[in-house]
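Protein chains: 2
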Amino acid sequence: MYRIRPRVPMAVVRRLPKYYRYLGDLMERGVGRISSKEFGRLLGFTASQIRQDLNYFGGFGQQGYGYNVEELREQIGKILGLDKKYNIIIVGAGNLGQAIANYTGFQESGFALKAMFDINPRLIGMSIRDVRIRDLDDIEGFMLEERIDIAVICTPKEAAQGVADRLVKAGIRAIWNFAPEDLEVPEDVVVENVHLSESLISLAYLANERETGGIGEEQRAERNNARA
Amino acid sequence: MYRIRPRVPMAVVRRLPKYYRYLGDLMERGVGRISSKEFGRLLGFTASQIRQDLNYFGGFGQQGYGYNVEELREQIGKILGLDKKYNIIIVGAGNLGQAIANYTGFQESGFALKAMFDINPRLIGMSIRDVRIRDLDDIEGFMLEERIDIAVICTPKEAAQGVADRLVKAGIRAIWNFAPEDLEVPEDVVVENVHLSESLISLAYLANERETGGIGEEQRAERNNARA
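Those protein sequence lines, which keep their order, are chains A and B.
This note's numbering puts the first residue of the first sequence at 1, with every later residue one more than the last.
This note's numbering puts the first residue of the second sequence at 1, with every later residue one more than the last.
Read the hints as simulated data drawn from the structure, not as lab findings.
In this text the structure is predicted, and so the values were computed from the model without any measurement.
One or more hints might be untrue.
Said to hold, decoys possible - Selected chain B positions facing chain A (Cβ under 8 Å, derived; list incomplete):
id, residue
1, R14
2, N95
3, L96
4, S109
5, I150
6, A174
7, V190
8, V194
9, L196
10, S197
11, E198
12, I201
13, A204
14, Y205
15, A207
16, N208
Cβ coordinates follow ideal geometry from the N, Cα and C atoms, glycine included.
The task is simple: from the sequences and hints, build the whole structure.
The structure is reproduced here in structure tokens:
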């Protein structure tokens, strides 16, 4: 069902993980059904936005009965591809790389960490949660033997583009980039950036604005949006 | 100069840290001046967008001479408040909290980590880069004695709202939230969310779309945007 309409707007794609997360919360709280109105209130969206979004995938609600929470969550999970397993590697086994390797939430969502790579001889050979840190020079060989879906780049800024080039050459098609560098990759490679410094700096700016009085309506709207 | 026009659109605010980062790169490469056209090409924006953005703060370029890289960087740094020092605490001293504590880039940008807090007796008393992990129960007392500008929440999902409530009561006005939970806070508190799981899930979705053929024009545009 979920591959019939491939041209889903990015804004909808961006909202689906949030839907998925909230539906998980509802399940944990034992909620069996929810109306688009209630669900919208919870997420800070309108009921019609919720209905519109879910209509892209066929619409799961029954008029007047609301959505079956468990079923809707399962369907959205399928749309997001969470019923599949993803093999991941992390390049850069410093603090951030290790933190991501240690984060068990990803494993539970079907993302399996297969290896970590670094150039630091003091790190190479160590293991994080039974995953070995290997020499970066072995990455091409490793990727010939294992199907890897996603590479996480946690290197310093200076190394990021070089690592991305090697990964792309070795066949990677999806990169989760934590290095403060905007990577250049071919058209058919997807990059999702997490620029932590920029996020922190924006926060400091907004906090400053606040203190000096006068936050604009727009800022307030974005804030509420971000929280919703 | 930079407090005269407080109603800067959020989209511009969001772009400033990127400007700041690229100007730092240019400085490192020894570039002294840059035209809005070249700078735009580097960032993936149009020259007129660059000029328009910077006009919010008085415009720094000289017609025909381009921008002085170092000066522009300093000015944008001031606008962003990077000439100030920010005191930070981290609540939740697990892997992610420790990774953030270990990330030296923040310290260099003027964000000083003052303390970490946790409820885990095995972590309390330990130090990360000379910063002590304290008992969460001491947080109110600590915040009476130290001016804290930003609190980073790295707790599990279930603990996040409770921690946010305590922080707000203790006077915090800016929260950097890594817990997969949308926090409810009063109007005058700023929250910046980093939802890592949602970012990874979106990446997996886009990678899947790619494989099954047919990425839309819109996705391509967003991708290029994200990289720019």
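Hints and how they fare:
With its C-beta approaching chain A no nearer than about 6 Å, R14(B) sits inside the 8 Å limit, and its interface hint holds. The interface hint given for N95(B) is met, as the beta carbon of that residue sits about 4 Å from the closest beta carbon of chain A, less than 8 Å. For the restraint placing L96(B) at the interface with chain A, the shortest Cβ-Cβ distance is roughly 5 Å, inside the 8 Å limit, so the hint holds. Of the supplied interface hints, the one on S109(B) holds, with its beta-carbon coming within about 7 Å of a beta-carbon of chain A, less than 8 Å.
The interface hint given for I150(B) is met, as the beta carbon of that residue sits about 6 Å from the closest beta carbon of chain A, less than 8 Å. The interface hint given for A174(B) holds, since its Cβ lies 4 Å from the closest Cβ of chain A, which is under the 8 Å cut-off. This hint holds: V190(B) has a C-beta 5 Å from the nearest C-beta of chain A, less than the 8 Å allowed. A distance limit of 8 Å between C-beta atoms decides the matter here; for V194(B) the minimum to chain A is near 6 Å, and the interface restraint holds.
At its closest, the beta carbon of L196(B) sits 7 Å from a beta carbon of chain A; the interface hint therefore holds under the 8 Å criterion. Evaluation of the S197(B) hint against chain A yields a held restraint, the C-beta minimum of about 6 Å falling below 8 Å. Residue-level restraint check for E198(B) holds (minimum Cβ-Cβ distance to chain A is 4 Å; threshold 8 Å). Using the Cβ-Cβ criterion of 8 Å, the hint placing I201(B) at the interface with chain A is satisfied: the shortest such distance is roughly 4 Å.
Nearest Cβ of chain A to the Cβ of A204(B): about 5 Å, under the 8 Å cut. The hint holds. About 5 Å separates the beta-carbon of Y205(B) from the nearest beta-carbon of chain A, less than 8 Å, and the hint is met. At about 4 Å, the closest approach between the beta carbon of A207(B) and any beta carbon in chain A falls short of 8 Å, and the interface hint on this residue holds. Residue-level restraint check for N208(B) holds (minimum Cβ-Cβ distance to chain A is 4 Å; threshold 8 Å).
Hint violations for this structure: none, all hints satisfied.
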